[in-house]
Amino acid sequence: MSTNPPPQPSSTRIAEVIEARSGEFTAECYQLHQAPPLGSLVKAGSPDVFGVVCDTVTESVDPGRRPLARGQDAADEADVYLQNPQLSKLLRTTFRALVVGHREGETLRHYLPPQPPHVHSFVYLCPPDEVRAFTQSLDFLSILMFSAERAPVDEVVAACLRQAAQAHPDRKLFLVGAGKTLAPLLRGELARLNTILTRIRP
Amino acid sequence: MTADRLGIVVAGSLTGGVEVKLDCDVSVEERAVGRYVVIEGQKLRFLGMVTDVSLETIDDEITSMPPVSDEFIAQVISGTSTYGKLHVLPMLAIGGDAMGLLDGPKTVKTVPAHFSRVREATEQDIEVVFGKEDERHFYVGNPLDMETKVCLDLPLFVTRCNGVFGKSGTGKTFLTRLLLIGIIQKGAAVNLVFDMHNEYGWKGSFEGAGREVKALKQILGSRVAVFTLDEESSRRRKVSTDAVVEIGYDEVEPEDVELLRQTLNLTQPAVEAVYALAREFGARNWLKRCLEMDTGDEATKALLDRLHIHEQSVRNLRRGLDKLARLGFLTPKARESSVKRILDYLGRGINVVLEFGKYKGDSTANVLVANTLTRRIHDQYRRWTEQAQGEGAAPPQPLVITIEEAHLFLNHEVMDQTIFGTIAREMRKYNVTLLIVDQRPSGIDEEVMSQIGTRITYRLDNERDIDNVLTGVSNKGELKTVLAKLEPKQQSLIFGHAVPMPIVIRTRDYEKSYQEFAEAAEIKRKAENLAADLWG
Ligand SMILES: Nc1ncnc2c1ncn2[C@@H]1O[C@H](COP(=O)(O)OP(=O)(O)O)[C@@H](O)[C@H]1O
Ligand SMILES: [Mg+2]
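These protein sequence lines are chains Y and D, in that order.
Each position in the first sequence, counted from 1, maps to that position plus 180 in our numbering.
Each position in the second sequence, counted from 1, maps to that position plus 7 in our numbering.
It is worth saying that the hints were derived from the structure and are not from the lab.
Any given hint could turn out to be false.
[Stated by the list, open to error] Footprint (simulated), chain Y over chain D, 3 or more residues, beta carbon under 8 Å: (1) 65-71; (2) 82-89.
[As the list claims (entries may be wrong)] Straight-line C-alpha distance at most 30 Å; calculated DSSO-like pairs for lysine-lysine: (3) D:533 / D:210; (4) D:519 / D:492; (5) D:221 / D:245; (6) D:28 / Y:360; (7) Y:360 / D:533; (8) D:28 / D:221; (9) D:92 / D:221; (10) Y:352 / D:28; (11) D:92 / D:367; (12) D:92 / Y:352.
For glycine and all other residues, C-beta sits at the position ideal for the given N, C-alpha and C.
Starting from the given sequences, assemble the full structure and let the hints guide the process.
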């Protein structure tokens, strides 16, 4: 098994891949409720496979046992977890990431990698520099738009662009460019285009 | 040559021109019709004129639900879901290889391939086509938003009749004066100008401001002579004139009266009476005799009876002829032959401007004078030319006759009778061509219009005028939009014989050119002196 290049100091290791397929991977967060924000750019595997967080779930570790309500007498919500320390072992937070590209040698590719990341690959949140580099090209938007049937695509795209914009020096310029990339993809679907644009409007 | 890319060719045809989809960062608002773009085809480079600009959408929904409320959304959508489109008429093709560059621009026989890149034409692109100023080429103006000079090949220009058109106040007179200076400086022809508004001889005026500009004589000195119909007015305006023109009764022909039918208010029988009386009294005497005729006299009555001329027609005719006789320059017997005098000057290569003085703007005077003089001057040129041909000698120097309000002479009804109609149709057979200036080109006969070699037209509003100016032009529809969108002043569309392709220009500034005129004169004088020294 090939080894990851040492991650950049600013990338934070946040999760581990527990299921992987060509177009998406699922990762379990090391911390309960500490999933990366919807739409953020993460990477996993070696070489890097990039994904956009599209769906986050916190649920019982054992699918057969649903959590019970426990806070009736608690002072506040935090108190619930304090009073029941076992909860953080019974619950877990996972998220799915849609694969939007990968690294090939020095080059960033905005299409699917030949192989998905391995299960148990570490998942890192991409630092702003990497986000900026990856979103120089907006070709990945078409993958997002067309890849996921099981995610609120328009919301994910909007969230992704909002976050990516933070990494660009001229946010407005980036967002207008992104909008212009989306427009032809949503040809004939003006209402959808409008929905996304209203959500990314600077 | 790294001019900005504008877009790509997406459709088109040879006859209709090509469609260019603008890149999304190119603003439609900066694309004006009449400008030139370059289309980089696979083998050829095309120069084309923008003839229309349009807004397109890929979604019909956008037109019904325009997202205008939001500036950001509008910005995203413009250029993507909506985009600008140019309609471009390829005018010339230039081969991309070395041979192509040597051969120069060619007429367009095909269209550029799909997705050919389109960019703004650079100064060099235009210069390659319109040449630089030299001994033939005269600078008349600049393409829109460019510094390059658009030059006319004047010796080529004067081989055909030419026209300057446009609404009143657009710049026709200023341009015509420029052209005349050019024709004289380049030695392309000798000129006779019927200056019916007193604007070409000594000085012209700026509209409204009361400021004056120098006219031909002030700029070109002894190469120009100013003749006048009205000595007193010229003196009052401090114009030094070289000769006073008079027209003798004997020089007026029945055809002239027929031409004046409308301004003199003559009925058809009255016009017919003129011909009958001219046959009776003789071509040289008829006007004098008619003016002296006493209709109460028995002998006259008998004569009129014999000629089947109705009393009413005689009265109508007399009223008209009396009006004519009131024109001061029309005299029973001219002191000297003005025609001879003019021919003498023209023969020596001196250009003649005939000022109208107080007859300024008088159509009757314009028609009568221009027609009687030109008829005989043309006659002489015909003899000179035929003589030269017979002897195998050089023909006379080409003559250009400039007339304002040309529709008076060249409208459909009269053009068969005027000498101007003849000149327009015979082309340059006898080395005489016309430079016609007119604000109402719809009044000019279509056949004449189609004979006009180079047309320079300023803005015209009337649909019929626009139509007529474009008579016989291919791609009329496209040029029509260009023509209709010219600025109200000093912008004109030039097309025809003396230019390689139609182009919209901003006319060269007249006053700023004085210095250059003077320099050109100086260079020419030096060259002549040098030649004289060499051969002298
Ligand atoms: N080439 C030019 N240089 C400077 N001013 C010009 C020029 N052409 C037109 N103008 C301005 O426009 C006015 C009208 O021009 P003019 O030639 O008299 O129009 P037209 O003969 O068409 O009625 C002039 O008085 C002058 O102010
Ligand atoms: Mg005028």
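Item checked: Holds or violated: residue 352 of chain Y to residue 28 of chain D, with C-alpha atoms at most 30 Å apart -> holds, 25 Å
Checklist line | Straight-line alpha-carbon gap residue 28 of chain D to residue 360 of chain Y, limit 30 Å | finding: holds, 16 Å
Check: Holds or violated: residue 92 of chain D with residue 352 of chain Y, Cα cutoff 30 Å?
Finding: Roughly 26 Å between the alpha carbons, so the hint for residue 92 of chain D and residue 352 of chain Y holds.
Item checked: Straight-line alpha-carbon gap residue 92 of chain D to residue 221 of chain D, limit 30 Å -> violated, 45 Å
Next item on the list: Mind checking the alpha carbons of residue 28 of chain D and residue 221 of chain D for me, to see if they're no more than 30 Å apart?
Entry: This hinted pair is violated, its Cα atoms lying about 48 Å apart.
Next item on the list: Given the hint that residue 360 of chain Y pairs with residue 533 of chain D, test it: the Cα-Cα distance must not exceed 30 Å.
Entry: violated, 64 Å
Check: Has the given pair, residue 533 of chain D with residue 210 of chain D, been kept, meaning a C-alpha gap of at most 30 Å?
Finding: Status holds; Cα separation ~27 Å.
Next item on the list: Compare the distance between the alpha carbons of residue 519 of chain D and residue 492 of chain D with 30 Å, and conclude whether the hinted pair is satisfied.
Entry: holds, 26 Å
Check: Can the segment 82-89 of chain D be counted as covered by chain Y under the rule of three residues or more with Cβ-Cβ separation shorter than 8 Å?
Finding: holds (count 6)
Next item on the list: Please work out if residue 92 of chain D and residue 367 of chain D have their alpha carbons no farther apart than 30 Å.
Entry: Violated, because 49 Å separates the two Cα atoms, which is more than 30 Å.
Next item on the list: Count residues of the segment 65-71 of chain D with a Cβ under 8 Å from any Cβ of chain Y, then say if the count reaches three.
Entry: Answer holds; 4 residues pass the 8 Å Cβ test.
Checklist line | Satisfaction of hint between residue 245 of chain D and residue 221 of chain D, Cα-Cα up to 30 Å | finding: Holds: residue 221 of chain D and residue 245 of chain D sit about 13 Å apart, inside 30 Å.
Hints 7, 8, 9 and 11 from the earlier list are contradicted by this structure; the remaining hints agree with it.
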